[in-house]
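Heads up: the protein sequence lines correspond to chains L and P, in order. Note that the first sequence ends on residue 666 in the numbering used here; no numbers are left out. Note that the second sequence ends on residue 666 in the numbering used here; no numbers are left out.
Just so you know, not all the hints are guaranteed correct.
With a Cα cut of at most 16 Å, we get these calculated EDC-like pairs of lysine to aspartate or glutamate [unchecked claim]:
no., chain 1, residue 1, chain 2, residue 2
1, P, K419, L, D77
2, L, K419, P, D24
3, P, K344, L, E622
4, L, K419, L, D471
5, P, K419, P, D77
6, L, K442, L, D333
7, P, K344, L, D571
8, P, K344, L, D50
9, L, K344, P, E130
10, P, K419, L, D571
11, L, K419, P, D77
Since the hints were derived computationally from the structure, they do not count as laboratory data.
Protein chains: 2
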Amino acid sequence: MIEHPLPPEGRVRAVVEAVAPCIDGGRFAAKRVLGEPLVVEADCFADGHDAVAARLLWRAADEAVWRETPMAPVGNDRWRASFVPDRLGRHVYTVTAWVDQFLSWRHDFARRVDAEDLRVAALAGAALIEAAAGRAPVPERDRLAAWAAALRGATAPAALRAIALDEALGELAASYPDRRFAATYPVELPLVVDRERARFSTWYELFPRSTASEPGRQGTFRDLEARLPYVAQMGFDVLYLPPIHPIGRERRKGRNNAVAAAAGDVGSPWAIGAAEGGHTAIHPQLGTLEDFRRLVAAAREHGLELALDIAFQCAPDHPYVAAHPEWFRHRPDGSVQYAENPPKQYQDIYPFDFESADWRGLWLELASVIEFWLAQGVAIFRVDNPHTKAFPFWEWAIERVKRRHPEAIFLAEAFTRPKVMHHLAKLGFTQSYTYFAWRNTKAELTAYFTELAHGPGREYFRPNVWPNTPDILTEYLQFGGRPAFMIRLVLAATLAASYGIYGPAFELVERTAREPGSEEYLDSEKYEIRHWDLARADSLAGFIGRVNRARRENPALRSDRSLAFVPVDNDRLICYLKSTPDGANTVLTVVNLDPHHVQAGWVELDLAALGLDASAPYQMHELLSGARYLWSGARNYVSLDPARAPAHVFRLRRRVRTERDFDYFL
Amino acid sequence: MIEHPLPPEGRVRAVVEAVAPCIDGGRFAAKRVLGEPLVVEADCFADGHDAVAARLLWRAADEAVWRETPMAPVGNDRWRASFVPDRLGRHVYTVTAWVDQFLSWRHDFARRVDAEDLRVAALAGAALIEAAAGRAPVPERDRLAAWAAALRGATAPAALRAIALDEALGELAASYPDRRFAATYPVELPLVVDRERARFSTWYELFPRSTASEPGRQGTFRDLEARLPYVAQMGFDVLYLPPIHPIGRERRKGRNNAVAAAAGDVGSPWAIGAAEGGHTAIHPQLGTLEDFRRLVAAAREHGLELALDIAFQCAPDHPYVAAHPEWFRHRPDGSVQYAENPPKQYQDIYPFDFESADWRGLWLELASVIEFWLAQGVAIFRVDNPHTKAFPFWEWAIERVKRRHPEAIFLAEAFTRPKVMHHLAKLGFTQSYTYFAWRNTKAELTAYFTELAHGPGREYFRPNVWPNTPDILTEYLQFGGRPAFMIRLVLAATLAASYGIYGPAFELVERTAREPGSEEYLDSEKYEIRHWDLARADSLAGFIGRVNRARRENPALRSDRSLAFVPVDNDRLICYLKSTPDGANTVLTVVNLDPHHVQAGWVELDLAALGLDASAPYQMHELLSGARYLWSGARNYVSLDPARAPAHVFRLRRRVRTERDFDYFL
């Protein structure tokens with residue numbers, strides 16, 4: 001017979017359940033940025049009819065003492081409170097609730113009618129107030145004791161009621177509750193607090209070796225320095241560089257991914273490592289480590305933060321291969337196991353073996369690579385194919401780095417199955433690449449961005465959306481011409497708080513695929529140096545600058561939580577709203593998804609939800625053109641010609657009536 | 001600086017997430033009955049492209065060793081398996097998954113083309129097979145070793161492929177996997193296995209003191225014995241008795257809940273306890289303990305199981321009040337605190353104080369009450385107002401009782417807020433009263449029963465629905481006449497696998513309220529003895545018998561999981577299907593919710609989902625009348641006259657074509 005002992009304390013009558021946000025039972029952290037409140041909800045209730053009180057408990061992970069915020073009921077036994085963390089890094093939170101005898105007494109007392117009943121109940125209340133006094137510090141203690149004495153002294157029903165139901169004293173007593181039998185949610189739920197760039201960032205990717213001012217020469221960090229004003233003027237804040245390390249010579253790939261490199265072929269930057277060094281070395285033709293540090297500083301002066309690529313794989317001549325054969329898998333013939341997905345073979349790339357007996361040595365070395373670049377002033381990392389490395393490594397490495405550098409940002413470049421992408425985000429990646437590039441129709445975009453903004457992943461999966469990358473030239477871009485690029489840019493920039501483009505291919509509308517059906521660029525920069533004519537008349541640089549300015553100037557666009565799609569009676573038009581929580585900044589975007597034809601339709605706003613007067617006009621300030629339209633009522637007409645302007649990004653300006661009867665729009 | 005150590009094992013590359021069912025992270029148990037499979041799902045995946053294998057682990061809670069069932073992928077990294085527990089009581093289950101090197105090798109091997117590549121890969125495979133041999137017991141070990149040797153010996157691609165891809169040997173090797181780096185879900189999820197009656201039960205409630213064969217006399221257990229055939233003939237299997245204990249004399253309530261009892265008033269059975277004894281005593285006018293045991297046995301002979309009422313509260317003259325003053329709260333004037341909800345006072349009832357310093361003594365005593373009745377042969381308990389007693393008590397008491405008596409069934413009579421009702425079910429109550437009595441329209445019934453059958457509560461909240469109780473005479477019954485009773489009975493009996501009625505008030509269509517707007521019965525049996533004329537011509541006993549027979553004979557009606565509502569183009573008609581998992585038994589119910597008028601409409605079946613041929617007829621066998629209708633196509637017409645038959649309960653019979661071209665319907 002199994003024993004069934006009594007619990008240590010059986011008088012815990014309150015229940016705390018369903019605390020949210022809660023990711024996998026508290027196994028993983030929710031994410032917020034500094035200054036952003038975390039709203040916490042929980043089911044709190046008890047048996048019977050007694051009053052329940054609840055508090056949100058929170059603290060930084062390295063603090064010893066909880067901070068407390070009273071929770072308020074919001075219906076159906078759900079309670080809510082929020083807190084705003086005041087520094088970066090890991091925090092924890094939980095919820096405690098208890099049956100509050102004092103509040104129950106006060107609730108019941110107000111409903112009693114019989115004089116004798118009131119008198120007896122007053123004595124019970126006095127005892128509860130005296131107990132609260134015993135828990136209070138000195139000045140309050142005396143006030144409460146005096147209140148209890150007054151209650152004991154009175155007898156007439158009116159006097160008893162007046163004394164007992166004193167609001168201020170009641171609140172004072174309630175603030176020293178008897179929490180001996182409180183129920184506290186058994187899990188301390190984690191929260192990671194990042195800086196604002198984790199949520200709102202605008203990325204520009206380029207190949208440094210393609211930045212020389214004249215054709216035929218390999219660009220250097222110095223050339224890239226000269227390119228910084230160009231990038232900054234377009235309004236980007238993160239400049240992401242593909243790997244800057246020595247490139248392997250063994251089995252180097254040629255132009256357009258030819259199996260054998262020709263003489264002079266520069267190879268792929270992702271084939272990392274050669275005699276000159278590996279993941280902490282710099283390609284000699286780009287410059288020195290000092291040049292790199294200079295670049296970091298110069299970028300910062302232009303409001304740009306440098307992001308590096310973390311690609312944990314080796315070219316066959318990477319120094320690790322000889323120094324640490326135990327970090328690689330070997331075939332029975334003694335050769336190192338190259339990357340493969342039979343029958344495909346990638347013999348120029350050696351993956352690390354995360355089942356190595358020396359996994360500890362491997363992990364420490366890989367973490368030291370990230371730490372090396374942090375020491376050079378880099379705090380943003382775009383991680384190449386994180387889904388092909390062991391998950392526990394990422395969880396450990398990101399946590400290790402962020403304990404010393406809570407400002408660090410990791411973007412997961414995982415284009416793979418949904419659960420794998422979500423798991424990487426749970427493990428600690430700050431931002432995640434998405435399926436955006438392959439979501440084109442109104443139905444696809446609506447479903448996907450509704451999931452991103454409002455699905456359970458919203459607590460930990462921060463989308464970073466890219467219309468193109470060096471690996472992804474979508475069919476839509478290949479065949480939609482310049483309007484397609486404008487359309488995808490506006491969608492990326494206004495649907496997601498973080499987005500990026502791979503340039504100058506993007507702004508120069510580069511759109512020829514290597515072969516039909518391929519998403520690879522012809523003459524891809526991955527395998528050769530390109531020279532770009534940035535001054536071309538059809539460049540989208542100016543347009544991109546206007547879009548990014550709208551993002552910077554409108555806080556509504558800096559978060560994904562408020563995204564709401566708006567009905568428009570044409571399936572080629574998509575329309576959506578973003579707002580700040582206080583509604584002060586509201587941006588309505590309308591995009592023509594058809595890059596070939598004019599499309600028009602009626603946009604239908606929920607005026608009540610926007611706090612707009614149905615009978616008064618309101619102003620729609622188009623941020624890309626500067627035009628200001630007067631709209632009125634719920635339904636308004638929009639027509640978009642892709643050849644001229646395939647999208648409107650409107651800031652809603654409400655009419656303000658001044659005392660002198662002069663209207664303006666705020 | 002906080003340390004961040006390496007984990008003990010970093011090579012755990014597989015992930016197990018989102019195991020279901022999982023109630024509050026494993027804090028509470030899912031529920032199934034003996035013979036019913038538990039289908040378990042989990043997300044299982046790993047980094048990269050290697051093959052993953054997963055197993056469901058399960059065992060009875062008191063067993064030491066897991067039983068294992070291989071899981072199969074069902075898409076989107078979701079895996080599924082099921083197990084059928086073979087005994088009652090608590091079980092646990094979890095999921096383990098690992099990167100399977102052997103399966104990965106086999107998958108890749110089938111895709112390799114290069115001869116040298118095949119030869120090298122064969123050697124790698126031989127090593128994996130040898131490792132599997134090392135984990136296998138002797139006869140298999142030798143087979144695997146021989147297989148590895150054959151692989152090492154071959155060289156020609158065709159021979160290598162033929163040897164390597166042997167199905168049977170592959171499965172054998174896969175059954176001895178390398179699980180050193182397996183990921184096991186960290187929570188052992190609990191499951192409670194009950195007997196079938198926990199899921200499928202048909203309750204009849206009556207007051208024993210009203211069972212005398214002639215008016216003017218108080219009924220006894222002997223009278224009740226004579227009533228058993230009547231109850232059994234209606235097809236009930238649980239006979240539930242309100243409290244059978246001595247009734248308090250102090251502050252006894254009179255007829256129709258009068259504050260003061262008149263001479264001869266018998267009092268409410270829920271005012272438990274008097275000089276003769278308390279919760280383990282029997283009201284002297286009902287009989288002796290021996291009479292009671294006789295009744296239990298006699299009921300069993302009629303296929304009826306007795307259920308008792310557990311009402312943990314005391315009349316003022318209950319022996320506990322004097323013997324254990326510490327179990328009650330006292331007012332400052334020294335009196336015992338009676339039940340109240342100011343300004344309402346229930347001075348005839350003393351609740352227990354679950355915050356008593358002697359809560360341990362109180363818990364043990366209350367549990368001993370349940371155990372006392374179990375010793376008398378009672379295993380079903382309807383618990384009165386469990387939501388006004390401390391939650392931790394129920395969790396402890398039910399678990400304690402069920403460890404010795406896994407056959408015990410507890411029905412929670414909690415008509416309160418949704419979260420409280422769900423919490424009681426989570427804590428261990430086997431079945432739960434519901435809001436059914438107040439769900440009348442098609443929209444209300446559809447929403448509520450969809451939630452019950454398909455919401456998250458389906459794993460632990462087993463509804464038991466009652467058209468009436470001694471406390472609940474709904475407006476619908478008061479004003480709908482006899483058809484309303486038939487309608488509510490069919491709804492209860494076919495929407496829910498467990499239901500009950502309070503009789504003979506129900507079958508005799510008793511429908512006069514104490515006063516307008518009240519749900520109390522006039523001359524309620526709660527406060528007086530009634531004599532019922534069971535032979536009345538308008539009795540619904542025969543009708544109820546036919547409905548309950550349909551339940552017994554159709555396994556589709558014995559579970560709630562398959563409930564699916566069926567469109568019918570008249571809002572006063574409701575239609576729904578229930579099926580066994582194999583589809584062999586399918587019942588379609590159509591009910592006219594309007595007790596006053598004929599209603600007709602077109603029922604629209606999803607023929608494909610039912611596996612029916614759109615061009616061939618099928619038979620609808622009406623189980624209450626015995627009539628058989630030939631239907632064909634998706635849309636069929638139904639007309640229901642409440643004065644004659646307000647509902648159809650159809651068993652779907654599919655046409656079977658025999659060899660001799662003679663059709664019949666199975």
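Notebook entry, point to check: Which of the stated hints cannot be reconciled with the structure, identified by number in ascending sequence?
Noted result: 2, 3, 4, 5, 6, 7, 9, 10
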